[in-house]
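Participant: Spelled out, the chains give:
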Amino acid sequence: MIVELGHFALVLALALALIQSSVPFWGAMQRDPRLLAVAPPAAITQFLLIGLAFAALVQAHVTDDFSLLNVVENSHSQKPLLYKVTGVWGNHEGSMLLWVLILSLFGASVAAFGGNLPDRLRGLVLSVQAWIATAFLVFILFTSNPFLRIERPPAEGNDLNPVLQDIGLAIHPPLLYLGYVGCSISFAFAVAALIDGRIDAAWARWVRPWTLAAWLFLTLGIAMGSYWAYYTLGWGGFWFWDPVENASLMPWLVTTALLHSAIVMEKRDALKIWTVLLAILAFSLSLVGTFLVRSGVLTSVHAFASSPARGIFILAILCLFIGGALSLFAFRATTLSPGGIFAPISREGALILNNLFLTAAAATVVVGTLYPLALEALTGTRISVGAPFFNLTFAPLVVPLLLIVPYGPFLAWKRGDLRGVTQRLMAAFAVTILIMAIAAVLAGATNVLAILGLGLGVWLVAGALAELAFRVRLGSSSFGESLRRLAGLPRSAFGTTVAHAGLGLVVLGIVSASAWSTERILTMRPGETTTIAGREIKLDGVNQRQGANYIEKAVHFTVSRGGVVETVAEPSKRKFPVRGSETTEAAIKTFWLSQLYVSLGDVADDGAVTVRIYWKPLVTLTWLGAIVMAFGGLLSLSDRRLRVGAPRPARRVLAVPAE
Amino acid sequence: MRIVAFILLLAWATIGPAHAVTPDEMLKDPGQEARARALSTGLRCMVCQNQSIDDSDADLAHDIRVLLRERIVAGDSDDAVIKFLVARYGDFILLKPPVNIETILLWAVPFATLLLGGVGIFIASRRHPLSAAPPTTLSEDERRRLQRLLAEDQPAPGSPSR
Chain A
1 MIVELGHFAL VLALALALIQ SSVPFWGAMQ RDPRLLAVAP PAAITQFLLI GLAFAALVQA
61 HVTDDFSLLN VVENSHSQKP LLYKVTGVWG NHEGSMLLWV LILSLFGASV AAFGGNLPDR
121 LRGLVLSVQA WIATAFLVFI LFTSNPFLRI ERPPAEGNDL NPVLQDIGLA IHPPLLYLGY
181 VGCSISFAFA VAALIDGRID AAWARWVRPW TLAAWLFLTL GIAMGSYWAY YTLGWGGFWF
241 WDPVENASLM PWLVTTALLH SAIVMEKRDA LKIWTVLLAI LAFSLSLVGT FLVRSGVLTS
301 VHAFASSPAR GIFILAILCL FIGGALSLFA FRATTLSPGG IFAPISREGA LILNNLFLTA
361 AAATVVVGTL YPLALEALTG TRISVGAPFF NLTFAPLVVP LLLIVPYGPF LAWKRGDLRG
421 VTQRLMAAFA VTILIMAIAA VLAGATNVLA ILGLGLGVWL VAGALAELAF RVRLGSSSFG
481 ESLRRLAGLP RSAFGTTVAH AGLGLVVLGI VSASAWSTER ILTMRPGETT TIAGREIKLD
541 GVNQRQGANY IEKAVHFTVS RGGVVETVAE PSKRKFPVRG SETTEAAIKT FWLSQLYVSL
601 GDVADDGAVT VRIYWKPLVT LTWLGAIVMA FGGLLSLSDR RLRVGAPRPA RRVLAVPAE
Chain B
1 MRIVAFILLL AWATIGPAHA VTPDEMLKDP GQEARARALS TGLRCMVCQN QSIDDSDADL
61 AHDIRVLLRE RIVAGDSDDA VIKFLVARYG DFILLKPPVN IETILLWAVP FATLLLGGVG
121 IFIASRRHPL SAAPPTTLSE DERRRLQRLL AEDQPAPGSP SR
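Order-wise, the sequence lines are chains A and B. Per the numbering used here: the first sequence = residues 1 to 659. Per the numbering used here: the second sequence = residues 1 to 162.
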């Protein structure tokens with residue numbers, strides 16, 4: 001009964017989405033405030049209805065309703081409760097439902113917090129948002145319905161893929177979707193502005209908080225995915241240039257570019273056409289990502305043929321929205337006037353350079369991901385595009401960008417003083433050289449590239465802090481005065497510093513973990529000892545255990561340094577009888593910012609264990625840095641000048657349409 | 001099958017837990033083993049999703065790792081080993097695709113984007129040179145737009161610029 005209620009709510013949400021697609025749009029065309037006023041309540045109700053549908057599906061999973069096909073295929077009565085809940089989106093149908101739930105959440109947020117928007121713009125934005133919702137609701141109801149019952153319910157389900165029975169599934173997909181789908185808001189704003197023919201600095205100001213929110217979720221989602229891969233896959237890698245990862249990196253790069261170009265548009269009324277194009281591209285690439293991951297085109301091109309309806313449906317949605325938006329852009333972009341004027345050496349100039357490099361980097365990821373698919377479809381030639389390709393193309397594009405990042409916030413608008421900025425960055429430069437020299441002495445100067453990479457990370461962090469120090473006049477005025485200035489800085493200024501420093505930490509983590517990792521791959525027996533990074537690792541023995549829905553073979557290790565026991569590590573192998581599959585659980589021990597990673601290969605019956613032990617110096621910075629970046633975004637978002645829902649009672653009176 | 005395929009994708013596209021290179025495969029000579037490891041990171045396990053044979057635990061990856069080491073022990077140079085494997089499995093095994101008529105676009109796009117973008121920015125900046133002083137008065141069109149904006153709504157919270 002509850003399931004049918006959810007199913008019905010979903011159909012009703014579709015009907016409402018159709019109304020929200022058309023009525024406010026018509027109102028915008030006719031300039032009728034009564035029709036425009038339909039949009040906000042429709043958006044909020046739509047969110048409630050999809051939320052109801054989602055809750056019904058969660059309820060079915062939690063109560064093991066095996067009369068539902070979706071539950072049978074992805075659940076099991078013995079599965080822990082957490083995974084019964086997260087398993088709701090650990091499958092195609094449920095994950096698409098989560099997708100539209102988040103889409104409607106964003107729509108409802110615009111309706112609820114968009115009180116400062118002009119009614120016409122808000123109506124158009126919500127209308128465009130509803131077009132996307134309509135397309136995906138139709139997709140769910142007709143090709144991927146999670147509410148299908150089966151005639152003869154089995155007594156037990158097929159269980160969830162063991163790899164997904166992990167806390168990562170609870171965090172990673174929702175965060176990533178908040179990022180992907182959050183891009184739909186800036187897309188809707190761009191399309192609405194193109195239809196309206198009105199784009200100005202105020203538009204950029206309205207779009208920026210939504211873009212910032214999407215960006216920070218995307219950042220966290222990608223970092224979480226990377227960490228999940230790191231601890232699950234069992235060999236200590238954290239980025240594989242896998243098409244699924246690339247699918248999330250493409251919109252991230254474009255959203256990052258959009259954030260920066262929107263600043264130029266907001267402050268200087270320049271780069272309007274470009275900013276609108278980026279807003280369209282960011283969501284387009286999110287859709288491409290959704291298509292790549294959901295259609296099955298990636299596992300193999302043949303898997304696509306086995307589910308033609310779904311793949312072609314998403315492809316059609318993709319073409320409709322990307323093609324439609326880009327056509328609209330081509331048709332209307334010329335009507336937008338270019339704005340402010342500035343010298344090449346200026347804050348604007350630096351942000352344009354940022355956009356140029358980010359766009360080229362995004363193009364590299366797009367082409368590296370799609371080219372093999374296109375080439376095989378067109379000529380039948382199969383090629384692989386992997387890490388070595390991106391090391392030769394992506395890295396040379398990103399390194400110059402990272403080098404100039406500290407300059408950007410120092411440069412003045414309109415006309416900057418490059419020499420003056422260089423002087424102000426001398427301290428940061430000196431710190432960088434010093435740390436590089438120390439690293440060269442400690443690690444040996446054999447790996448020059450690694451030392452340079454380390455320097456790049458330090459440069460970013462030191463450069464970001466130098467900018468903050470300059471702003472508060474640290475050193476050039478009294479300490480009390482600096483503190484007072486620090487307290488007076490807007491939060492968005494801190495946001496820039498923190499995000500750029502976070503980027504530096506990510507670079508440090510990646511460089512250090514790739515260049516200075518050490519590994520031991522060997523066969524050990526109980527009682528044997530090996531050493532890594534100055535620590536002795538002793539294999540004590542193998543234990544057999546029974547888990548909730550698996551059998552586990554755990555190998556016990558003692559980690560000691562100079563005879564003093566530091567910690568124990570217990571990597572294991574789990575067998576899931578229902579699916580007949582096995583997972584490897586690595587043991588990861590964190591020592592300050594570095595990690596010891598112990599993973600198992602074969603565990604023979606005679607006690608011989610294949611062991612992989614890695615020492616990953618500073619590896620945690622890779623993800624901590626991303627969290628710091630996202631925190632920078634959050635600081636900026638909390639700046640009261642940007643706050644979406646800042647209450648301004650006096651405005652209420654003005655907003656009431658004259659009737 | 002479709003569901004399984006999707007789940008594998010969601011799980012960052014790996015086929016089961018990776019065990020990668022195992023001790024019994026490794027060569028006695030550390031120099032040769034280091035060469036083998038370096039080569040393996042650039043070779044694709046062809047049944048996996050963009051995984052190198054160095055990282056994959058698939059049987060095929062194991063077979064290629066063993067084959068690769070056999071060639072190294074037999075005295076082949078790195079180039080000869082790669083040539084041997086490409087002759088056997090095709091370019092698909094290379095994670096760094098060769099530059100040829102079919103892949104030239106792939107290799108060109110990253111730097112062409114940078115170049116074209118740079119040229120585009122240069123032309124755009126020439127078209128609106130700095131010397132052309134910004135108009136100090138509002139044009140008739142702008143005045144109307146300003147009035148419309150003011151009449152229609154107020155801008156977002158806070159002052160428009162700092």
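If you're looking for bench data, these hints aren't it; they were derived computationally from the structure. Remember, predicted model here, so these are calculated numbers, not experimental data. Glycine included, every Cβ here is placed at the ideal spot set by N, Cα and C. Incorrect hints may have been included.
As the list claims (entries may be wrong) - Listed next, the stretches of chain A that the computed footprint assigns to chain B, with coverage defined by at least 3 CB atoms under 8 angstroms from CB atoms of chain B:
| hint | region |
| --- | --- |
| 1 | 8 to 18 |
| 2 | 379 to 390 |
| 3 | 520 to 526 |
To be verified - Listed next, with one range per pair, are the computed distances between beta-carbon atoms:
| hint | chain 1 | residue 1 | chain 2 | residue 2 | range |
| --- | --- | --- | --- | --- | --- |
| 4 | B | Val99 | A | Leu522 | 33 to 41 angstroms |
| 5 | A | Ala330 | B | Val119 | 17 to 25 angstroms |
| 6 | A | Ser638 | B | Lys83 | 55 to 63 angstroms |
| 7 | B | Arg148 | A | Ile433 | 29 to 37 angstroms |
| 8 | A | Gly380 | B | Ala87 | 17 to 25 angstroms |
| 9 | A | Ala430 | B | Arg88 | 36 to 44 angstroms |
| 10 | B | Ala124 | A | Ala170 | 41 to 49 angstroms |
| 11 | A | Ser560 | B | Lys83 | 44 to 52 angstroms |
| 12 | B | Gly31 | A | Glu570 | 31 to 39 angstroms |
| 13 | A | Ile433 | B | Arg88 | 19 to 27 angstroms |
Participant: For each hint, tell me whether it holds in the structure or not.
Facilitator: The hints, checked one at a time:
With 0 residues having a Cβ less than 8 angstroms from any Cβ of chain B, the region 8 to 18 of chain A misses the three-residue criterion, and the hint is violated. A stretch counts as covered by a chain when three or more of its residues have a beta carbon under 8 angstroms from one of that chain; for the region 379 to 390 of chain A and chain B the count is 10, and the coverage holds. Interface restraint, the region 520 to 526 of chain A with chain B: holds (3 residues with C-beta to C-beta distance below 8 angstroms; minimum three). About 39 angstroms separates the C-beta atoms of Val99(B) and Leu522(A), a value consistent with the hinted range of 33 to 41 angstroms.
At roughly 20 angstroms, the beta carbons of Ala330(A) and Val119(B) sit within the given window of 17 to 25 angstroms. Remark: the range hint 55 to 63 angstroms for Ser638(A) to Lys83(B) is upheld by a beta-carbon distance near 58 angstroms. Hint check: Arg148(B) to Ile433(A), Cβ distance near 56 angstroms, so the stated range 29 to 37 angstroms is violated. Checking the proposed 17 to 25 angstroms range against Gly380(A) and Ala87(B) shows it holds: the Cβ atoms sit about 19 angstroms from each other.
The beta-carbon spacing between Ala430(A) and Arg88(B), approximately 54 angstroms, falls outside the hinted interval of 36 to 44 angstroms. Against the hinted window of 41 to 49 angstroms, the Cβ-Cβ separation of Ala124(B) and Ala170(A) comes to about 47 angstroms, which satisfies the hint. Between Ser560(A) and Lys83(B) the CB atoms are about 48 angstroms apart, so this pair conforms to the stated range of 44 to 52 angstroms. Between Gly31(B) and Glu570(A) the C-beta distance comes to about 35 angstroms, which sits within the given range of 31 to 39 angstroms.
For Ile433(A) paired with Arg88(B), a C-beta distance near 49 angstroms fails the hint of 19 to 27 angstroms.
The structure does not agree with the numbered hints 1, 7, 9, 13 stated previously, though it agrees with the rest.
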